[in-house]
Amino acid sequence: MKWRRVKAIMIKESLQIVRDPRSLMIALLIPLLQMFLLGYGISLDVKQIPLCAFDREGSQASQDLLRRFSASPYFSLQGQATSYAEVDRSLDNGRCRVAIVIPTGFSKDLNNTGQGVVQALLDATDTNTASLAAGYASAVIASYSAQVQLESIQRRGGSVQTLTPVEVRARVWFNEDLVSRNFIIPGVVALVMAIVGSQLSSLTIAREWERGTMELLVSTPIQPLELMLGKLLPYFLIGMVDACICLALAVFWFEVPFRGTLPALFFTTGLFLTVVLCIGYYVSVSIRSQVGASQVALLLTMLPTTLLSGFSFPIDQMPAAVQAVTYIVSGRYYVTILKALFLKGAPWGELLLPICCLALYAGAMVLLAARAFRKTLD
Amino acid sequence: MQNDAQSQIVVDALVKRFGSFAAVDGVSFEVGRGEVMGFIGPNGAGKSTLIRILCGLLRPSAGRALVAGIDVAQDPEGVRRRIGYMSQKFSLYSDMSVVENLRFFGGIYGVSRADIGARLRFAVDMAGLTGREDALVATLAGGWKQRLALGAAILHRPAILFLDEPTSGVDPSSRRRFWELIHTLAQDGVSILVSTHYMDEAEYCHRVALINRGRLIALGTPLELRQHALAGELLAIEGNSLGDVMAQIRQAPGVLDVAMFGSALHALVDQAALRSPELLQLLSSTGRTNVRVHRIEPSLEDSFVHLVSASAAVAGALA
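Residue numbers (the numbering used here), protein chains in the order written: chain A, 1 to 378; chain B, 379 to 697.
Source of the hints: derived by calculation from the structure; they are not laboratory data.
Small disclaimer: the values here were computed from a predicted structure and weren't measured.
We put the CB at the ideal spot given by N, CA and C, even for glycine.
Take these hints with a grain of salt, some might be off.
What the hints assert, rightly or not - Here are the computed lysine-lysine pairs in the BS3-like style, where the Cα-Cα straight-line distance is at most 27 Å: (1) Lys108/A x Lys467/B; (2) Lys344/A x Lys2/A; (3) Lys375/A x Lys467/B; (4) Lys7/A x Lys344/A; (5) Lys47/A x Lys344/A.
Said to hold, decoys possible - Over 12 Å on every C-beta distance to chain A, these chain B residues come out as not near it, computed from the model: (6) Ser398; (7) Ala400; (8) Pro420; (9) Arg437; (10) Pro454; (11) Gly456; (12) Met464; (13) Ser465; (14) Gln466; (15) Ser475; (16) Ala496; (17) Trp557; (18) Asn590; (19) Ala607; (20) Glu616; (21) Ser687.
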């Protein structure tokens with residue numbers, strides 16, 4: 001291998017990048033756009049669930065309970081219904097996700113038997129939101145029950161201390177504010193790197209075929225490995241600049257806590273970038289059209305990184321067969337590492353396994369890409 | 379003509395098949411040092427395929443090809459270091475400047491840092507691009523592009539040059555200038571194999587190989603091909619609607635071959651002086667009085683047309 005030839009390719013490639021506004025745009029604008037779009041667009045937090053109430057009793061007690069719902073940050077009271085038909089309608093047309101129906105005799109039951117029953121109707125088209133809403137509703141009602149119980153014990157002159165035999169005192173670790181964005185943004189960084197890396201390199205070889213410059217290039221003494229290095233190194237630099245942009249946005253704009261070390265972050269980002277660049281390059285060698293190559297590269301990197309990396313869906317909740325498939329998704333290792341670095345500040349030692357897997361993956365992809373290119377027109 | 383030691387290119391019974399189609403079908407020839415060898419033939423005759431094999435871009439299906447003494451099938455890399463290649467389609471980088479392109483190929487061919495300056499100047503001068511070094515290649519006219527491509531191909535001073543239809547689509551004065559460059563290089567000892575479908579350009583070559591349907595149908599100097607390929611003398615027949623009488627002329631005594639040349643007919647006869655009045659008489663018997671029959675010097679095109687029809691006849695007889 002001659003460094004002279006690698007350098008010649010690098011210079012040529014850089015000149016062409018600078019002069020092709022399209023590839024520059026892919027390189028710099030798209031990461032910004034995606035970070036904002038995905039950073040703001042994806043949120044798993046459920047707040048301000050629209051709620052409608054049908055208070056059939058209209059007593060002091062029922063209004064008390066409803067006030068607790070409207071005071072909760074998880075619900076937003078949209079209005080009071082006056083009939084079941086109205087409740088039905090507001091759930092049907094999506095004005096409300098949850099309806100609370102307080103029956104007549106609610107306060108009487110509460111006073112006489114110490115047990116009132118409230119009906120909650122849930123729109124479960126979005127099961128995730130529905131189950132969260134049910135949980136929040138139970139919590140609101142439980143706290144109301146506790147108060148009712150407390151008052152009745154006090155009225156009978158009982159002791160307050162005996163109320164809660166076992167109490168959970170939860171402390172949340174790693175993502176103390178329970179902001180789902182903190183959990184999602186590291187995944188978004190991985191996704192953006194996967195898209196940008198594979199898109200940039202998927203055009204390199206296909207462009208030479210399309211423009212007819214490949215015929216001359218293969219007639220020169222250039223070696224496949226020299227060609228690959230010369231073509232990918234400029235894109236690696238651009239990719240690392242993109243990584244800096246994404247990470248800076250994550251930390252300074254989205255205020256995701258970063259607790260790991262920068263060397264670990266850049267080392268693993270470099271490995272992941274190597275993987276996606278090589279996948280894009282391999283596709284570019286195999287499919288000799290720019291449009292085709294960029295589509296296939298997108299399919300091979302974006303899809304698995306979105307679905308199978310644990311970025312949006314937790315891997316341990318997947319069926320065993322799908323879990324097995326995630327081991328061949330490079331994004332899986334990078335997302336694991338990123339989340340650990342951002343939220344846990346995990347030391348190198350604990351990340352050894354995913355880092356080794358990612359490094360092996362990168363090595364394999366480099367070999368695959370380097371061997372893919374054949375200097376022949378056959 | 380030369381033995382292996384002197385010949386820069388030796389091609390021996392070379393075959394290239396694509397599926398069942400033989401694009402190159404048992405071709406043999408040699409090219410000596412400083413020789414300009416022209417490949418003449420219609421589109422699809424196999425010229426480009428042959429050149430690509432010799433550049434190590436395609437693997438031969440059978441036969442042997444040595445370039446600079448190296449077998450192209452066994453060591454294509456060794457061949458690539460020693461040759462310059464100009465492909466049929468322009469393949470420099472349009473979004474880079476003249477000097478950026480040259481620098482790139484200088485780097486790829488490993489031209490040393492000490493030499494690169496002088497080589498770049500030489501290539502720029504030769505292409506007539508002095509003062510336009512920083513112009514983007516996309517902005518250059520056809521003739522300049524071709525000369526720049528030649529400049530890029532000789533930057534590393536190869537002993538052998540392959541030029542695949544270098545002058546197609548270039549204006550006549552640029553073509554002439556391009557051929558002058560080729561001869562300058564040949565005088566410096568560079569062996570040049572150049573393909574063209576312009577018959578007039580064949581006259582600039584030291585030797586010409588006529589290729590049709592993947593086969594070499596004649597090989598010699600332009601003079602040899604003009605004079606000896608035709609075993610007879612040539613008559614030109616000019617007049618109106620001569621196509622209808624071609625068959626009759628072909629049947630006439632002493633006529634060996636007839637072919638259409640534009641609106642005229644060229645007839646190959648055993649003795650021009652004897653047959654010319656006979657043909658005139660034949661024509662007037664069909665009511666054509668406004669015709670001229672006169673002897674002409676055969677051009678390469680005449681030879682080529684005759685050789686192609688002769689080889690087709692042989693192939694037909696064998697089949």
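Determine whether the non-interface label on Trp557/B survives the test: each CB of chain A must be over 12 Å from its CB.
Trp557/B is indeed farther than 12 Å from all Cβ atoms of chain A, at 22 Å.
Hey, is Met464/B genuinely clear of chain A, shortest beta carbon separation above 12 Å?
violated, 8 Å
According to the definition I'm using, a residue is off the interface if its beta carbon is farther than 12 Å from all beta carbons of the partner; does Ser475/B meet that for chain A?
Since the minimum Cβ distance to chain A is about 9 Å, Ser475/B lies within 12 Å and the statement is violated.
Are all beta-carbon distances from Glu616/B to chain A longer than 12 Å?
Per Cβ check, Glu616/B is outside 12 Å of chain A; nearest 43 Å; holds.
Non-interface claim for Pro454/B versus chain A (Cβ beyond 12 Å):
Violated, because the least Cβ-Cβ distance between Pro454/B and chain A comes to about 7 Å, which does not exceed 12 Å.
Restraint check for Lys108/A with Lys467/B, where alpha carbons must lie at most 27 Å apart:
Answer violated: Lys108/A to Lys467/B is near 93 Å, above 27 Å.
If you draw a straight line from the CA of Lys47/A to the CA of Lys344/A, is it 27 Å or shorter?
holds, 26 Å
Taken at face value, is the distance from the CA of Lys344/A to the CA of Lys7/A at most 27 Å?
Distance ~41 Å between Lys7/A and Lys344/A Cα, so the pair is violated.
Is the nearest Cβ of chain A still more than 12 Å from the Cβ of Arg437/B?
At roughly 6 Å from the nearest Cβ of chain A, Arg437/B sits no farther out than 12 Å, so the non-interface label is violated.
Take a quick look at whether Lys344/A and Lys2/A sit within 27 Å of each other, Cα to Cα.
violated, 44 Å
Whether Ser398/B stays farther than 12 Å from all C-beta atoms of chain A, as the label says
holds, 16 Å
Since Ser465/B was said not to touch the interface, does its Cβ keep a gap of more than 12 Å from each Cβ of chain A?
Per Cβ check, Ser465/B is inside 12 Å of chain A; nearest 5 Å; violated.
Violated hints for the displayed structure, listed by number in ascending order: 1, 2, 4, 9, 10, 11, 12, 13, 14 and 15.
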